[in-house]
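Please put together the full structure from these sequences, using the hints given.
Throughout the sequence shown, residue numbering follows this note's numbering, covering 1 to 757 in sequence.
FYI, nobody ran anything at the bench for these hints, they're computed from the structure.
Note that CB positions come from ideal geometry on N, CA and C, so glycine has one too.
In silico BS3-like pairs for lysine-lysine, Cα to Cα no more than 25 Å straight-line:
#1 330 x 252
#2 164 x 139
#3 330 x 407
#4 95 x 252
#5 163 x 115
#6 139 x 95
#7 115 x 95
#8 56 x 139
#9 95 x 56
#10 163 x 580
#11 330 x 303
#12 329 x 407
#13 303 x 261
#14 95 x 163
#15 303 x 252
#16 115 x 164
#17 346 x 332
#18 95 x 164
Quick list of simulated restraints, FRET-style, between CB atoms:
#19 223 x 102: 54 to 60 Å
#20 37 x 108: 40 to 46 Å
#21 700 x 35: 56 to 62 Å
#22 150 x 100: 24 to 30 Å
#23 755 x 158: 29 to 35 Å
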Amino acid sequence: THLSMVWHAGHLGIAYYDTGDSTIYFMPDAPDHENLRLLQRVVDEIGPRSIVTSMKRDENMTRFLEGLGSGNNEVMGRPEVVLFPSVDFGLEISKQRLLSRSFSFIPEPMSPTEKILFLSSIVPFDCPLTVRALGGLLKFLEQKRIGVELEESSVAVPILGFKKFVLVLQIFKSEAHPSVYKLATGLKEGLSLFLWLMRPTRDLSELNARLDVIQFFLQPRNLETAQALHGLLGNIKNVPLILRRMTLSHTKASDWQVLYKTVYSALGLRDTCRALPGSIRLFRDVAQEFTDDLHHIARLVSKVVDFEGSLAENRFIVRPNVDPAIDEKKRKLMGLSDFLTEVARKELETLDNRVPSCSVLYIPLIGFLLSIPRLPFMVDQSDFEIEGLDFMFLSEEKLHYRSARTKELDGMLGDLHCEIRDQEMLLMHELQCQVLSRGGTLGRVLDLAAQLDALLALAGAARDHGYSRPRYSNRGGVRIKDGRHPLMELCARSFVPNSVESDGDLGRVKVLTGPNSSGKSIYLKQVGLITFMALVGSFVPAAEALIGPVDAVFTRMHSRESVSLGLSTFMIDLNQQVAKAVNNATEHSLVLIDEFGKGTNAVDGLALLAAVLRHWVARGPSCPEVFIATNFLSLVQLRLLPPKPLVQYLTMETCEDGEELVFFYQVREGVAGASHASRTAALAGLPAKLIARGEEVSELICSGKPIRPLNPPNKEDQMDKCQALVDKFLTLDLDDPDLDLNGFLSQEVLPVASSVL
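Right under this line is the structure:
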């Protein structure tokens with residue numbers, strides 16, 4: 001992977017290119033601490049070979065780049081840091097690079113406008129830092145020619161799609177996005193659990209404060225309060241975006257109404273929270289932090305802004321009785337129509353009798369004009385001249401002139417329309433300054449409102465699905481009674497809950513065996529999800545839960561589907577997905593590994609699995625909490641793990657009912673006696689003939705006997721084909737300039753070779 005990043009004003013934009021699938025992944029603009037913790041987490045997650053950023057950077061970024069390769073990164077190796085001029089990360093240049101490049105996943109044919117719409121549905125152009133990071137990444141790929149170094153210059157670096165990168169625990173596989181504009185590469189989350197915090201916390205006071213809020217809203221007598229708060233939160237909008245527009249003087253007419261509703265609803269939140277128990281920290285913070293500045297903003301906006309008029313004319317309109325000068329000009333403008341009708345009547349008396357009618361118009365930025373219809377004799381421009389009038393222009397068969405009277409009106413009334421706009425813009429600027437001076441209060445309002453909104457949602461989920469409050473322990477370990485997978489229980493007709501007991505020095509390494517489809521993966525994900533939910537301050541789907549001080553959750557749910565070339569290929573996969581756990585896991589870490597060694601040689605996979613587990617067991621009290629599901633029954637049969645209390649063997653309970661295998665989806669101590677591969681294959685719908693052949697081959701392998709093909713080829717036939725091919729080779733004249741050797745190989749040799757081999 002090759003990572004491009006832009007960090008500015010406390011926000012981070014990230015994009016990286018994965019050579020494995022020729023895809024660009026991006027993460028929308030996200031706030032990051034000055035120590036760049038989020039960026040460090042991304043680097044740890046993807047392990048980039050190169051990091052591309054701007055030469056123009058601050059001290060925080062310089063320190064971060066200098067620290068690469070030390071600490072946790074040292075094991076994975078120091079990435080190459082590539083610095084480009086800041087102009088290569090410019091917003092407009094980056095947009096141009098995206099829009100001008102030809103991507104293979106864009107349907108053909110498409111007009112430039114359709115192409116822009118298509119890319120806009122995939123790439124977040126409203127995230128300037130992410131767009132700049134994408135621009136820098138494209139520049140890097142073009143310069144380094146990643147993957148096509150030996151190709152001709154006309155061959156571009158393959159980019160097969162854009163995908164969103166999110167640092168959230170993935171539960172199920174993604175599904176194709178239903179949008180027509182995203183059929184090429186767009187994915188939507190499958191049944192994934194959306195959590196309101198990107199990162200969990202170990203601050204017990206913060207976790208318990210969140211749980212207190214959920215506990216309060218779960219009480220039946222507080223349901224009405226929860227509904228009232230939910231209604232008010234619906235009016236809280238994206239105020240930071242509005243404040244940014246105000247800073248740039250790009251405020252929209254609708255922004256003022258949105259701001260007013262937000263502030264007014266925030267006052268409602270404050271008044272409601274003041275009536276709630278002050279012992280709950282969030283209610284106390286809302287009551288105190290929502291100051292009278294909100295009253296001041298709401299009063300100013302409602303007094304000055306004409307919401308209805310602003311929306312109708314799509315510009316800032318001032319209410320009546322705010323500015324006497326504006327009111328006077330608007331009064332004159334409103335009465336202008338009748339006044340101009342009278343002026344036009346007097347002008348008609350002075351015109352040629354052949355002119356049947358006329359009108360006096362007021363056009364902003366031009367002024368007052370006399371308009372008459374074009375007469376039949378007015379053919380050329382020279383015919384437009386009328387004594388006493390200055391010809392201006394012809395439009396829609398009407399001639400427009402300046403007369404002495406219209407010039408007098410220009411001097412007397414001036415450009416009313418522009419003057420009104422100028423004075424209203426001045427008032428808008430003053431109002432913006434008043435709002436921006438209280439931006440800190442609005443930011444705190446949004447932060448607390450977001451917390452309240454998230455906790456209300458978590459309370460609703462806990463109420464609907466019967467979740468319970470977790471408890472936290474200062475000791476290590478995870479204890480869960482009757483835990484349930486929060487999403488699978490909604491999909492299955494009946495769900496079997498399972499408990500977890502991992503505490504102290506007993507059973508910190510749990511090896512889970514059992515047939516495919518027996519529930520091993522669900523059990524592992526269930527443990528991880530319940531722990532993760534507890535660490536964000538949510539109620540959990542279990543009867544009881546006691547969570548120790550977990551500092552990290554390392555997951556590897558099913559290895560990447562690929563054809564292995566042996567140990568080296570597996571080691572690459574291992575380094576990317578498990579090495580972080582092997583190198584960084586502490587006694588407070590939770591490690592979940594499913595299908596270790598899938599897709600590689602069975603002996604290599606078993607050896608590496610045993611080595612990793614023995615490494616953790618040897619650490620004794622500093623061993624992490626490890627849950628691993630595997631089909632390598634030889635791990636137990638060959639006694640590859642030391643017989644220590646740290647290791648506990650679990651299996652998914654099954655029962656043989658004649659030829660049928662019944663799954664109970666219940667975890668118990670012990671080891672699976674067999675893989676039941678043939679019965680699992682039958683349940684999956686494989687043909688009986690194919691299953692029988694598989695059982696036959698398995699018995700031959702176990703007994704060390706050779707495996708004979710079902711339809712062995714006829715040796716005489718093979719010899720005849722080989723002899724014919726040799727004869728053709730001998731007839732070749734390699735000195736013949738017209739000989740097409742490539743054609744001979746593809747048309748003669750390869751077909752015979754495939755049939756013989």
